[in-house]
Amino acid sequence: MDALVSAVASDLIGRFISFLIGKYQESSAADISDTIVRLQRALLRARVVVEEAEGRQITNRAMLQQLNLLRREMCQAAYALDAFRWRDRRSQATVRRSRVQAGPPPSSDCSHYLSDMVGSLEAVLGDMREFVVLLNGYPRFTKQPYTAYLCMESCMFGRQMEKEEIISFLWRPSQDLDVLPIIGPLGVGKRTLVEHICLDERVRERFGKIHRLRSTDLDLYSYGHHWSSFDFTTRSLMVIDMVDGDVDAEESWRRFYSAIRLRAHIGSKVIVISRMEATHSNLGTVTPLRLRPLRREDLWYFFRALAFGAADPDEHPDLAHLAMTMCTCINGGLALFTVANIVAASLRADPSVRSWRRLFKVIFETAVLQFGTAADDKAEHYYYLCSPLGDAGASCLFYNRRKLTNVARSELPKVTMLEMLTSGSLPSAGKTQFDVLMWESRIPPYASYVATCDTDKAHHQQVVALKKPLLNKRRRDHQEDDPSN
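For the sequence shown, the residue numbers in full-length UniProt numbering are 1 to 485.
Treat the hints as calculated values from the structure; they're not laboratory data.
This one's a predicted model, so the numbers in the text were calculated from it and none came from an experiment.
Check before you lean on any hint, since a few could be wrong.
Said to hold, decoys possible - Okay, derived cross-link-like pairs now, PhoX-like style, lysine-lysine, Cα gap no bigger than 25 Å in a straight line:
| no. | residue 1 | residue 2 |
| --- | --- | --- |
| 1 | K163 | K403 |
| 2 | K414 | K403 |
| 3 | K403 | K431 |
| 4 | K209 | K163 |
| 5 | K431 | K414 |
Model the full assembly from the supplied sequences, consistent with the hints where possible.
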């Protein structure tokens with residue numbers, strides 16, 4: 001009798017616990033669903049404000065800081081939402097615009113994190129009322145893309161505040177020759193930003209002449225040559241590009257500055273572009289402007305718009321999962337914007353799961369080899385595609401990446417990186433070394449990125465990559481067998 005009572009009690013307790021767990025799961029699923037709907041609405045409101053503000057010439061520094069904060073919160077919240085929805089395709093089979101399919105209950109930590117994202121974004125949006133009112137007082141830019149995808153491809157991303165800071169510096173009255181250094185790592189967009197500055201109507205109105213010089217040419221002016229190309233009767237803007245590897249750049253600059261300072265018209269300005277924080281940040285007369293790489297959340301916002309174009313990622317959860325995985329694999333071994341654009345263009349060419357999985361295998365399940373250190377100006381970056389390409393099943397090693405401007409389309413390589421990734425096309429058989437057009441930028445200065453592809457070197461690297469694990473294993477086995485260890 002006691003055994004029967006014990007069994008019945010255990011069964012009742014088990015059912016009661018199951019009932020409580022079920023109710024908790026239902027409550028948690030409902031709570032997270034409501035949180036996601038709130039977050040989606042807040043993101044839509046934030047996107048409306050950001051896109052409207054980016055289409056206007058805002059000059060107020062405080063408003064730019066507020067816009068920068070909203071953009072940062074928006075990208076962070078969008079990344080958190082997408083990471084939750086697409087982190088596991090098996091548990092998120094179908095995602096619709098404003099509804100989440102019931103599935104395994106999310107963890108409480110994730111629920112709290114999304115709730116924090118909603119609260120933070122809604123708080124920032126609540127502070128934007130005066131911003132929206134004041135926004136109407138600023139003029140619109142003349143050309144406006146009609147989709148987010150075209151906006152990302154045709155406009156600078158996330159540099160509006162830096163652009164207005166530079167223009168403010170250029171318009172600031174001065175009796176001396178002011179110098180602004182712009183410092184940032186490889187591929188962060190320093191020259192693109194400066195080119196947008198030079199094309200701005202306000203800068204064209206301020207300066208009668210814009211001179212573009214390289215650090216290797218400065219001594220020609222310092223010693224009295226080529227001054228005839230300068231017009232000292234009007235305000236001028238001089239853009240000095242510090243060439244990587246120019247060991248005499250600093251001394252050449254100081255001689256040039258001493259000479260031009262005596263000749264330049266009052267109100268002239270100088271912008272110095274460099275990667276070298278330690279040696280060139282002290283060349284200016286004002287605090288340097290330091291450009292930082294995109295944060296992970298900002299990069300995802302940028303990459304998602306490029307990869308999906310006008311399509312809605314919510315309607316393609318499998319593709320969204322793959323895109324997010326690819327985005328997390330993009331690193332700074334090559335120029336960040338270049339890699340993001342190359343990958344996104346390849347994805348847009350064939351928006352199918354099979355194609356995207358193949359591209360993921362070709363691009364990211366390979367080795368990105370970087371010779372030298374980040375501080376080494378002569379460091380050469382190699383990008384290795386080990387997956388078979390073309391009819392011969394060749395592998396490619398890309399090196400000697402270079403950026404070309406003012407080059408006619410007929411002089412660029414005929415083989416493109418997009419064709420190689422999407423169709424595996426290669427030049428005629430027997431040609432083991434050739435140039436490849438990796439990407440053409442659609443924003444000023446309209447640079448073309450070219451690299452050299454070598455199938456022989458790729459084969460050598462593949463053999464080395466296969467040998468390394470064996471050599472490491474032999475070393476470990478030898479160390480284990482060594483009695484002195």
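Cross-check of the supplied hints:
Of the pairs offered as hints, the one joining K163 and K403 holds, with about 22 Å between alpha carbons and a cut-off of 25 Å not exceeded. The straight-line distance between the Cα atoms of K414 and K403 is roughly 16 Å, inside the 25 Å bound, and the hint therefore holds. At roughly 24 Å between alpha-carbon atoms, K403 and K431 fall within 25 Å of each other, so this suggested pair holds. A C-alpha spacing of about 19 Å is found between K209 and K163, which places the hinted pair at or below 25 Å, so the restraint holds.
This hinted pair checks out: K431 and K414 have alpha carbons roughly 14 Å apart, not beyond 25 Å.
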